[in-house]
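2 protein chains.
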Amino acid sequence: MNDSKAIPIGFIGLGIMGRNMAAHLQAAGYPLHLFNRSRAGAEALLAAGAEWHDTPAGVAAASAITITMVGLPADVESVYLGAGGLVASALPGAMLIDMTTSSPVLAQRIAAAAAARDIEAIDAPVSGGEIGARNAKLAIMVGGTTTAFDRALPLLRLMGSTIVHQGGAGCGQHAKMANQIVIASTMLGVCEGLAYAKASGLDPQTVLQAISGGAAGGFLLANMGPKMLAGDFSAGFFTEHFLKDMGIALDEATRRDLDLPGLALAESLYRALSLAGHGRDGTQVLFRHYQQAESVSGD
Amino acid sequence: MNDSKAIPIGFIGLGIMGRNMAAHLQAAGYPLHLFNRSRAGAEALLAAGAEWHDTPAGVAAASAITITMVGLPADVESVYLGAGGLVASALPGAMLIDMTTSSPVLAQRIAAAAAARDIEAIDAPVSGGEIGARNAKLAIMVGGTTTAFDRALPLLRLMGSTIVHQGGAGCGQHAKMANQIVIASTMLGVCEGLAYAKASGLDPQTVLQAISGGAAGGFLLANMGPKMLAGDFSAGFFTEHFLKDMGIALDEATRRDLDLPGLALAESLYRALSLAGHGRDGTQVLFRHYQQAESVSGD
Numbered sequence: 001m002n003d004s005k006a007i008p009i010g011f012i013g014l015g016i017m018g019r020n021m022a023a024h025l026q027a028a029g030y031p032l033h034l035f036n037r038s039r040a041g042a043e044a045l046l047a048a049g050a051e052w053h054d055t056p057a058g059v060a061a062a063s064a065i066t067i068t069m070v071g072l073p074a075d076v077e078s079v080y081l082g083a084g085g086l087v088a089s090a091l092p093g094a095m096l097i098d099m100t101t102s103s104p105v106l107a108q109r110i111a112a113a114a115a116a117r118d119i120e121a122i123d124a125p126v127s128g129g130e131i132g133a134r135n136a137k138l139a140i141m142v143g144g145t146t147t148a149f150d151r152a153l154p155l156l157r158l159m160g161s162t163i164v165h166q167g168g169a170g171c172g173q174h175a176k177m178a179n180q181i182v183i184a185s186t187m188l189g190v191c192e193g194l195a196y197a198k199a200s201g202l203d204p205q206t207v208l209q210a211i212s213g214g215a216a217g218g219f220l221l222a223n224m225g226p227k228m229l230a231g232d233f234s235a236g237f238f239t240e241h242f243l244k245d246m247g248i249a250l251d252e253a254t255r256r257d258l259d260l261p262g263l264a265l266a267e268s269l270y271r272a273l274s275l276a277g278h279g280r281d282g283t284q285v286l287f288r289h290y291q292q293a294e295s296v297s298g299d
Numbered sequence: 001m002n003d004s005k006a007i008p009i010g011f012i013g014l015g016i017m018g019r020n021m022a023a024h025l026q027a028a029g030y031p032l033h034l035f036n037r038s039r040a041g042a043e044a045l046l047a048a049g050a051e052w053h054d055t056p057a058g059v060a061a062a063s064a065i066t067i068t069m070v071g072l073p074a075d076v077e078s079v080y081l082g083a084g085g086l087v088a089s090a091l092p093g094a095m096l097i098d099m100t101t102s103s104p105v106l107a108q109r110i111a112a113a114a115a116a117r118d119i120e121a122i123d124a125p126v127s128g129g130e131i132g133a134r135n136a137k138l139a140i141m142v143g144g145t146t147t148a149f150d151r152a153l154p155l156l157r158l159m160g161s162t163i164v165h166q167g168g169a170g171c172g173q174h175a176k177m178a179n180q181i182v183i184a185s186t187m188l189g190v191c192e193g194l195a196y197a198k199a200s201g202l203d204p205q206t207v208l209q210a211i212s213g214g215a216a217g218g219f220l221l222a223n224m225g226p227k228m229l230a231g232d233f234s235a236g237f238f239t240e241h242f243l244k245d246m247g248i249a250l251d252e253a254t255r256r257d258l259d260l261p262g263l264a265l266a267e268s269l270y271r272a273l274s275l276a277g278h279g280r281d282g283t284q285v286l287f288r289h290y291q292q293a294e295s296v297s298g299d
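Quick note, the sequences are listed as chains A and B, same order.
Residue 1 is where the first sequence starts when you use the working numbering, and the numbers rise one by one after that.
Residue 1 is where the second sequence starts when you use the working numbering, and the numbers rise one by one after that.
Source of the hints: derived by calculation from the structure; they are not laboratory data.
Check the hints yourself; a few may be wrong.
[To be verified] Computed Cβ-Cβ distance ranges for the label pairs, DEER-style:
id : chain 1 : residue 1 : chain 2 : residue 2 : range
1  : A       : ASP54     : B       : ALA230    : 32 to 40 angstroms
2  : B       : VAL105    : A       : GLY277    : 37 to 45 angstroms
3  : B       : SER234    : A       : ALA272    : 34 to 42 angstroms
4  : B       : LEU158    : A       : SER38     : 30 to 38 angstroms
5  : A       : PRO154    : B       : LYS137    : 55 to 63 angstroms
6  : B       : ASP257    : A       : ASN135    : 36 to 44 angstroms
7  : A       : GLY201    : B       : LEU158    : 28 to 36 angstroms
8  : B       : LEU275    : A       : ALA83     : 56 to 64 angstroms
9  : A       : ILE7      : B       : ASP203    : 48 to 56 angstroms
10 : A       : ASP150    : B       : ASP203    : 30 to 38 angstroms
11 : A       : SER161    : B       : ASP203    : 14 to 22 angstroms
[Claimed, not checked] Calculated pairs, DSSO-like style, for lysine-lysine (alpha carbon to alpha carbon, straight line, at most 30 angstroms):
id : chain 1 : residue 1 : chain 2 : residue 2
12 : B       : LYS198    : A       : LYS244
13 : B       : LYS198    : A       : LYS198
14 : B       : LYS137    : B       : LYS244
15 : B       : LYS244    : A       : LYS137
16 : B       : LYS244    : B       : LYS227
17 : B       : LYS137    : B       : LYS227
18 : A       : LYS198    : B       : LYS227
19 : A       : LYS244    : A       : LYS137
20 : B       : LYS137    : A       : LYS244
21 : B       : LYS198    : A       : LYS227
22 : A       : LYS137    : A       : LYS227
23 : B       : LYS198    : A       : LYS137
[Claimed, not checked] From chain A, some residues computed to sit far from chain B (all C-beta separations above 10 angstroms):
id : residue
24 : ARG39
25 : GLU77
26 : ALA115
27 : LYS137
28 : ALA178
29 : ALA197
30 : LEU202
31 : GLU240
32 : LYS244
33 : LEU258
Fair warning: this is a prediction, and the values are worked out from it, not measured in the lab.
Where a beta carbon is used, it is the ideal one built from N, C-alpha and C, also for glycine.
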């Protein structure tokens, strides 16, 4: 569309989300520089012309803007602030965009360390899952300076449909925490409503169809409800990642003396499922908790 | 549209929901026969030609199909099964449609008592609130025979956009319970997410805008979120009615050995609000619980 497409873009973290997001940048003509823990996740992008690097530092040295979509806050910290990390390796004037859902405090530390090297760093976590990533319909919540937000916007628009500047560094992560908090209890509601429908002898598919059109309707009922009823617990979004998010949110809420009992309940049920070996299942696996209760009761 | 428009329709219960629903039937040309505890709720319909009756029995005697939208299961029981109730007063061959959210077991009792007098009775509770009632966009969940469902359908289509036959008598109420169960925990999520956004210093309006586009998005976030943030707790749907629904759902779940901790948590928080005098506020008043916590903490 314009000359900016010649800007080399780094992308680190090519899991379910990252590889779909990076593909939109590549399709728009941006030359990509990639690093991922396993090269397999990068193959499709490499076949389409992206360049592989053996380290995050290699990506940063080759890119004007580097985007990260990794797993845990510990991974973010290591990739950004560790030896050979992005803050140390990026060129002055470069930009770093962390789209991982991570700690607001860590995002502030990264932004401060980056600023000291004349690098712009923003936090831009997303919501919308694999479906949103594949269809470039993610909601993207951005924390950082207005200048940095404006600079990132053309790239973010290729990956998302709702892109909102939430405030300074860390505010994107805070907004994402708010998002995850809404989701946590909503997942309880979706599971419990469908479990009740089954237990009361209704056809839960018919119930799902009916209630999706009313006040209970929403993204999770529409997208997770059918998977739950089909027993499809494959991961669009890993339970272990959601647990991590809920842990951060609970910590941040506690720091503010804010009691969030719905979130605490959801975290506790998900933790039990993760300990039982469901950490790599999708978040819709919460439905199993209610199915277990059902089979124990002998219904 | 056809001759059926001359069929006299009874409507009992003209609160926020009922008066909006009845207005659609009147607009479609059906002659209405009305009863309500206070005549004031009927005035607009009477001014447009509806006929007032001093008792439910008077309505039933004048109507081929009588619709009820009253408050509590005790009201339903009294209107249908009490002395001078609809089952005793309706003409043989008539039809009774209870659109109140009520007990599945009571719906089965009413259907059986009605059948003994050659009257068809169905349960057809709704979701979608005042907005849905006003715009004829309700989700309507129907329990009863297929014959009765088919007979009711032309009327229900004037009030709702998603009308689903869930099974025999009581199944509409069970489906509505599933709906309320989804809503209960989703309300926790909406409140907690917005309370977190405020507590973390973000602009909650901006957060609401951003997260509505992602996986947290849904009817309640879109419709209740703005009211919560505006401090508008006026009732589209009364907290005391929602409490009644949650009580029925918890009873039915317990009868099936089904543990629904999200529902139990929501019921407990709503009960505290009702005891504190918020029973006639709308269900979005749950947000007050988190605001109280906030002010106690001194933030």
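Status of each hint after checking the structure:
| no. | hint | verdict |
| --- | --- | --- |
| 1 | A:ASP54 / B:ALA230: 32 to 40 angstroms | 54 angstroms, violated |
| 2 | B:VAL105 / A:GLY277: 37 to 45 angstroms | 40 angstroms, holds |
| 3 | B:SER234 / A:ALA272: 34 to 42 angstroms | 40 angstroms, holds |
| 4 | B:LEU158 / A:SER38: 30 to 38 angstroms | 58 angstroms, violated |
| 5 | A:PRO154 / B:LYS137: 55 to 63 angstroms | 38 angstroms, violated |
| 6 | B:ASP257 / A:ASN135: 36 to 44 angstroms | 41 angstroms, holds |
| 7 | A:GLY201 / B:LEU158: 28 to 36 angstroms | 30 angstroms, holds |
| 8 | B:LEU275 / A:ALA83: 56 to 64 angstroms | 58 angstroms, holds |
| 9 | A:ILE7 / B:ASP203: 48 to 56 angstroms | 31 angstroms, violated |
| 10 | A:ASP150 / B:ASP203: 30 to 38 angstroms | 19 angstroms, violated |
| 11 | A:SER161 / B:ASP203: 14 to 22 angstroms | 20 angstroms, holds |
| 12 | B:LYS198 / A:LYS244 | 22 angstroms, holds |
| 13 | B:LYS198 / A:LYS198 | 38 angstroms, violated |
| 14 | B:LYS137 / B:LYS244 | 23 angstroms, holds |
| 15 | B:LYS244 / A:LYS137 | 39 angstroms, violated |
| 16 | B:LYS244 / B:LYS227 | 22 angstroms, holds |
| 17 | B:LYS137 / B:LYS227 | 20 angstroms, holds |
| 18 | A:LYS198 / B:LYS227 | 33 angstroms, violated |
| 19 | A:LYS244 / A:LYS137 | 23 angstroms, holds |
| 20 | B:LYS137 / A:LYS244 | 39 angstroms, violated |
| 21 | B:LYS198 / A:LYS227 | 33 angstroms, violated |
| 22 | A:LYS137 / A:LYS227 | 20 angstroms, holds |
| 23 | B:LYS198 / A:LYS137 | 26 angstroms, holds |
| 24 | ARG39 | 30 angstroms, holds |
| 25 | GLU77 | 20 angstroms, holds |
| 26 | ALA115 | 20 angstroms, holds |
| 27 | LYS137 | 8 angstroms, violated |
| 28 | ALA178 | 4 angstroms, violated |
| 29 | ALA197 | 4 angstroms, violated |
| 30 | LEU202 | 5 angstroms, violated |
| 31 | GLU240 | 17 angstroms, holds |
| 32 | LYS244 | 16 angstroms, holds |
| 33 | LEU258 | 5 angstroms, violated |
The structure does not agree with the numbered hints 1, 4, 5, 9, 10, 13, 15, 18, 20, 21, 27, 28, 29, 30 and 33 stated previously, though it agrees with the rest.
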